[in-house]
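S.K.: Listed below are the residues making up each chain.
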Amino acid sequence: MSTNKAAIVIRGLSKTYQRGKVRRGDIRTSVQSWWSGLGNKKEEFFALKDIDLVINKGDVVGIVGPNGAGKSTLLKLLSRITFPTKGRIVIRGTLSSMLEVGTGFHPELTGRENIYLNGAIIGMRREEVNRKLDSIVSFSGLEDFLDTPVKHYSSGMYVRLAFSVASHLEPDILLIDEVLAVGDHEFRQKCMDRLLDVSGQGRTIIMVSHQMSYLKELCQSGIYLHSGTIQYHGKIVDTINHYINHFTTVRPLQVRDRQDRRGSGIVKLVGFKTLGKNKIPLNTIAAGHEVNFQIQLETNSANAFNVTVQLECYDMYGHLCFVANNAISNSSLPKIYSGDTITCHLPKFPLNTGMYFINASIHVTNQLADEVLHITTLDVEHGLFYPTGKLPQANKGFLVDYTWS
Amino acid sequence: MAITTIIEAGSPVQYWRKIKECWQYRDLLRMLSYRDIRVRYAQTFLGMTWAIINPLVSVLLLYFVFGVVIKVDTQGVPPLLFSMAGICSWNYFSRVVGEAGGSVIGAQSLVKKIYFPRLVIPLSKSFSALIDLGIVLLILGGMMIIYQVPLQWQTLMVIPFTLLAVLAGIAFGIWVAALTIRFRDFTHILPLILRIGMFLSPIAYSSTLVPPTYKWAFYLNPLTGIIEGFRWALFNTSLELEAVWSSIAVILIIMIAGIWYFLKMDQYIADII
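Chains A and B supply the protein sequences, listed in that same order. Here the working numbering is used: the first residue of the first sequence is 78, the next is one more, and so on. Here the working numbering is used: the first residue of the second sequence is 362, the next is one more, and so on.
Treat the hints as calculated values from the structure; they're not laboratory data. Misleading hints may appear alongside valid ones.
What follows is a list of derived Cβ distance ranges for each label pair [unchecked claim]:
| id | chain 1 | residue 1 | chain 2 | residue 2 | range |
| --- | --- | --- | --- | --- | --- |
| 1 | B | Phe560 | A | Gly218 | 48 to 58 Å |
| 2 | B | Gln509 | A | Asp211 | 29 to 39 Å |
| 3 | B | Gln404 | A | Lys354 | 25 to 35 Å |
| 4 | B | Gln404 | A | Arg202 | 44 to 54 Å |
| 5 | A | Arg338 | B | Asp546 | 49 to 59 Å |
| 6 | A | Leu223 | B | Val400 | 12 to 22 Å |
| 7 | B | Ile367 | A | Glu247 | 56 to 66 Å |
Within a straight-line C-alpha distance of at most 27 Å, the following computed DSS-like cross-link-like pairs (lysine-lysine) qualify [as the list claims (entries may be wrong)]:
| id | chain 1 | residue 1 | chain 2 | residue 2 |
| --- | --- | --- | --- | --- |
| 8 | A | Lys425 | A | Lys82 |
| 9 | A | Lys228 | A | Lys293 |
| 10 | A | Lys267 | A | Lys350 |
| 11 | A | Lys467 | A | Lys293 |
| 12 | A | Lys267 | A | Lys354 |
| 13 | A | Lys134 | A | Lys350 |
| 14 | A | Lys163 | A | Lys134 |
| 15 | A | Lys228 | B | Lys379 |
| 16 | B | Lys381 | A | Lys209 |
| 17 | A | Lys126 | A | Lys267 |
| 18 | A | Lys228 | A | Lys267 |
| 19 | B | Lys576 | A | Lys163 |
| 20 | A | Lys134 | B | Lys625 |
| 21 | B | Lys474 | B | Lys625 |
| 22 | A | Lys126 | B | Lys474 |
| 23 | A | Lys163 | B | Lys381 |
| 24 | B | Lys625 | A | Lys267 |
| 25 | A | Lys163 | B | Lys432 |
| 26 | B | Lys432 | A | Lys228 |
| 27 | A | Lys356 | B | Lys381 |
| 28 | A | Lys293 | A | Lys82 |
| 29 | A | Lys134 | A | Lys82 |
| 30 | A | Lys209 | B | Lys625 |
| 31 | B | Lys432 | A | Lys267 |
| 32 | B | Lys473 | A | Lys163 |
| 33 | A | Lys293 | A | Lys354 |
| 34 | B | Lys381 | A | Lys126 |
| 35 | A | Lys293 | A | Lys356 |
| 36 | A | Lys209 | A | Lys293 |
| 37 | B | Lys473 | B | Lys379 |
| 38 | B | Lys474 | B | Lys381 |
| 39 | B | Lys625 | B | Lys379 |
| 40 | A | Lys356 | A | Lys134 |
Note that the coordinates shown come from a computational prediction; the quantities given were computed from them, not determined experimentally. Virtual Cβ for every residue (Gly too), placed ideally from N, Cα, C.
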């Protein structure tokens, strides 16, 4: 790869954070840590570890990975919000980030004033905003509300205004962190068209999203991050496949070996299987079909009384979708023995298509015994929830039984 | 041709570059100040009138305590005018410092999401408070007409002393902003310090009343030189030059050190906050 084609060159980049204790605090802890000296070893973890990466000019790159993989940290380092612990980043050209909707808006100010405020925050000069004002306003379609305080705007109008300002920024490199997740479908399409248009002009775009469909559509290449390291860097389709495969195939076998647990360990989760009808293992779940989560438990204690198993299902944005807890629907298990399995039976899987993941935890007599985050990923596909086989717009919402008459 | 940015761990802080960046972001500085002014009085019933009521109440209170009850020596100046002239720069200063303290923490949703020179945040407070300073100065001007205070060449010296008050606000504002990020305790310490400062500044009394033994300490307060100078310009009250020089020196030292400390911490702000 020739380096003068590169927009971004990253060498040996690491970022560590201190676990638990952050560097802020009160004067007392500051004096204490000064007193106890620098020899005091603090517990650190790597948000990003020894990353090497070259991104070429004009590339549209999608970054995927589970929560906590370091995606946002990477964008923060590129945009200079935080500073690396180790390594070096060379950025050729101007760089800006597209802000999360509403950040830097003030509800008391009018739409017009907010355009200027937001523009200034993302680094536009006043003349630049003046020049682009008409275009921004017509893109947003909010001509009639320009002198209304934005607190009277609907959330949809808010999104339009914010995105219209941001999409008029003309940096060489643009960072987008999950901002396309909001807004109505039509406007989102308009934004995407503009984004694609923008990338056609040789602009480099780096975006983080959990919406694989958007990434597939927008990006050429992809980066799959996991635990702060780059697992895969290549074509976007291959990257997404790597990301999905990593969970759907490898994870169930690995539960026993997972070290990142919390809890006393009296009872441990050692196996997790996603099964369909007649206990057939599933790689993907069809919306509306039968699903069974089979959990294998192990204990080395004779005191494993009152065992509660809880499964929490989250969508890829980290929103809780449902909780399945045996103590709520039935009652906790009075006593378990090593090798016992417990199965959670969902007769009709209620979530729309998309990616979800499950956190599992076990409580023994109300004490946390074990917790495995992201024990499995659920890839939900189209299924016969409704007799027509149709489903509402992808990746959103619950499915409920209803009839029209 | 294109700008190349190099971010390297452990590289020394580029102070000059960061200061230049603040200039590049002057539109942001302006918009943040504008926002503060717009929002401060929005939705309040009396609106901008509050900018008049607040200083007036302080002045009447000081006038009552120092002018009516204690009857301090005002060197022939009407006590009400004397206090009014004293409170102009103090009000401005305490407003700037008070608001700058929590300013970066208050803007954390921005600070964590986008890069811009963070120094702009406390700086914007010193600009947004100028509107209140302007209003107080107008009231003072009105009162001087009522009291028929004669104007002279000296009156023009009000301008440099007002500027000095702005610089003092900037200097201390940067410090308290930086310290509040680092130590949250400052949210509690700051109002206390400002209250002490109000009584230790010669707002409603003259620093000539301070015993000579303590005078050096009194002059370390940069507001002493500013307030006394301001009054000297308007009413030709006595002014000791040491007060002015020490005020200038203290402000400069505090400002340079403040900018240095703030910029040194700059790269950690998003992690700490």
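S.K.: Lying within 56 to 66 Å: is that true of the beta-carbon distance Ile367/B to Glu247/A?
M.R.: violated (22 Å)
S.K.: What's the verdict on Lys474/B and Lys381/B, does the C-alpha distance respect the 27 Å limit or exceed it?
M.R.: Judged against 27 Å, a Cα distance of about 22 Å means the pair holds.
S.K.: Given the hint that Lys467/A pairs with Lys293/A, test it: the Cα-Cα distance must not exceed 27 Å.
M.R.: holds (22 Å)
S.K.: Lys293/A and Lys356/A were given as a pair; does the straight-line alpha-carbon distance stay at or below 27 Å?
M.R.: violated (33 Å)
S.K.: What's the verdict on Lys228/A and Lys267/A, does the C-alpha distance respect the 27 Å limit or exceed it?
M.R.: holds (24 Å)
S.K.: Between Lys356/A and Lys134/A, is the straight-line Cα distance small enough, at 27 Å or below?
M.R.: violated (50 Å)
S.K.: For the pair supplied as a hint, Lys209/A and Lys293/A, is the alpha-carbon distance within the 27 Å limit?
M.R.: violated (30 Å)
S.K.: Given the hint that Lys267/A pairs with Lys354/A, does the C-alpha gap stay at or below 27 Å?
M.R.: violated (42 Å)
S.K.: Mind checking the alpha carbons of Lys163/A and Lys381/B for me, to see if they're no more than 27 Å apart?
M.R.: holds (26 Å)
S.K.: Is Lys432/B close enough to Lys228/A, meaning Cα to Cα at most 27 Å?
M.R.: Violated. Lys432/B to Lys228/A sits at ~51 Å, over the 27 Å cutoff.
S.K.: Checking one constraint from the list: CA of Lys625/B to CA of Lys267/A, max 27 Å. Satisfied?
M.R.: Violated: Lys625/B and Lys267/A sit about 43 Å apart, past 27 Å.
S.K.: Would you say the C-beta atoms of Leu223/A and Val400/B sit inside 12 to 22 Å of each other?
M.R.: Cβ of Leu223/A to Cβ of Val400/B: about 19 Å, so the range 12 to 22 Å holds.
Going down the numbered hints, you'll see the structure goes against 2, 3, 4, 5, 7, 8, 9, 10, 12, 13, 15, 17, 19, 20, 24, 25, 26, 27, 30, 31, 33, 34, 35, 36, 40, while the others check out.
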